[in-house]
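Peer 1: Sequence:
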Amino acid sequence: MTTLTDDESWMARAIGLARRGEGLVEPNPMVGCVLVAPRDATPKHGTSEVIGEGWHHAFGSPHAEVEAIRMAKTAGKSTVGATAYVTLEPCCHYGKTPPCTLAILEAGIRRVVVAMRDPSVQVDGGGIAQLQENGVEVSVGCLEPETRELNAPYLTRLEQCRPFVIAKWAMTLDGKIATHTGSSQWISSEQSRAIVHRLRARSDAILVGSNTANRDNPQLTVRLPNIAHRSFSERLAEEKQTSQPCRVPLRIVLDSAASLSPTSCLATTAQDIPVIVAASREKLQSQNSAKQNAETLEIRGCEVLQLSGKNHRERIAELLKILAERNVTNLLVEGGGTLLGLLFDMQLLDEVHIFIASKLIGGQNAISPVGGVGLEKMAFAAQIVNLTVEKIHGDIYCYGRIKR
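Note that the numbering used here has the sequence shown beginning at 4, numbered continuously upward.
Hint data in this document are derived by calculation from the structure and do not stem from the laboratory. In this text, a Cβ means the ideal position worked out from N, Cα and C, and glycines have one as well. Among the clues, some could well be false.
Claimed, not checked - In silico DSSO-like links for lysine-lysine, alpha-carbon gap of 30 Å or less: (1) K380 to K362; (2) K394 to K406; (3) K324 to K286; (4) K394 to K324; (5) K406 to K380; (6) K324 to K362; (7) K313 to K324; (8) K313 to K294; (9) K362 to K313.
Claimed, not checked - Restraint-style ranges between C-beta atoms, simulated for each label pair: (10) Q125 to V83: 22 to 30 Å; (11) V124 to L176: 43 to 51 Å; (12) Q290 to K406: 37 to 45 Å; (13) E136 to K324: 33 to 41 Å; (14) D275 to V388: 34 to 42 Å; (15) F62 to S264: 28 to 36 Å; (16) Q309 to E140: 48 to 56 Å; (17) V83 to G304: 49 to 57 Å.
Could you build all of it, start to finish, from the sequences and the hints given here?
Peer 2: What follows is the structure in structure tokens.
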């Protein structure tokens, strides 16, 4: 077993704090901070004392460094000469909150240990430089791989100009997501479906293909006990009162011919919870039925996004770029097999959540979860890392990230 250094131990604690913001801070990164007093300032010399800690709770709320400094001051602890362990480079610009570098300097913190630089254009080394120019000792790179894994969604959006793509499906033990007639409700247990709603709750958007939208008529909403009976407008009103962000996933249908039924659950609730129908501009211009249905969907409240790509691959790439520009960080894809297969072939799947029910349905023509062309050799198979397997009320729940 590898023994962590003092810096690594404190940074590991900061990473644990940062993770508490998952699903709440996006499009911001998850950030944690631990403040440690100078050794000569502790009751027992040669030991270290945590005087404050914090994490970024939600988009628009104070950042981790500010929370940690505030905690120290509330407890009557001096921050002068302290060391701050921060999972991401402190910001140096005015956004929804003042710069964290300013708070660090005002607190008299002597040393800042940063896990990794922030690649955002507003920071990108500027925070580190500002601290160093003002006499603060800065160390960069402590547990950087762990921090990159923590903030993979944020980094994917910034560095690859696309959302972090999370695939979810439920299947039988013989690997089917529907019978040969298309029947699919319900494969997994009610307890497994509750986990899916928690996945939705931490996602910025949910994507399905047109076949799934028209066959299953899904709502694609978050239905958890504390928000199940509150509409989008009610949650917006609560946001204004509490200053906490209202996180309601955007619902998206990849639908080249804009074939979504105007009477579907998605279309009839689009005024309340946003819906995007990602269509082909070429088809809307050349097919009267597609154009007319698109106009009806817009009247219902859907946004019909006209993509210029000539094929599915080009349109998916274009859609993901647009979503990243709209600050969509986590994109949950709920099928079907054609869409998931296409994303797999394009090497765009980042994380998988699979629910395996203790059922068999058979059928040579029954639908499999991941279609597409697939890989030619077993040696090329995608590897799932950090795989976790749980038993959920008779189902097997597997999740992990795809190795790059």
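Peer 1: Okay, which hints does this one fail, numbers in order?
Peer 2: 4, 6, 9
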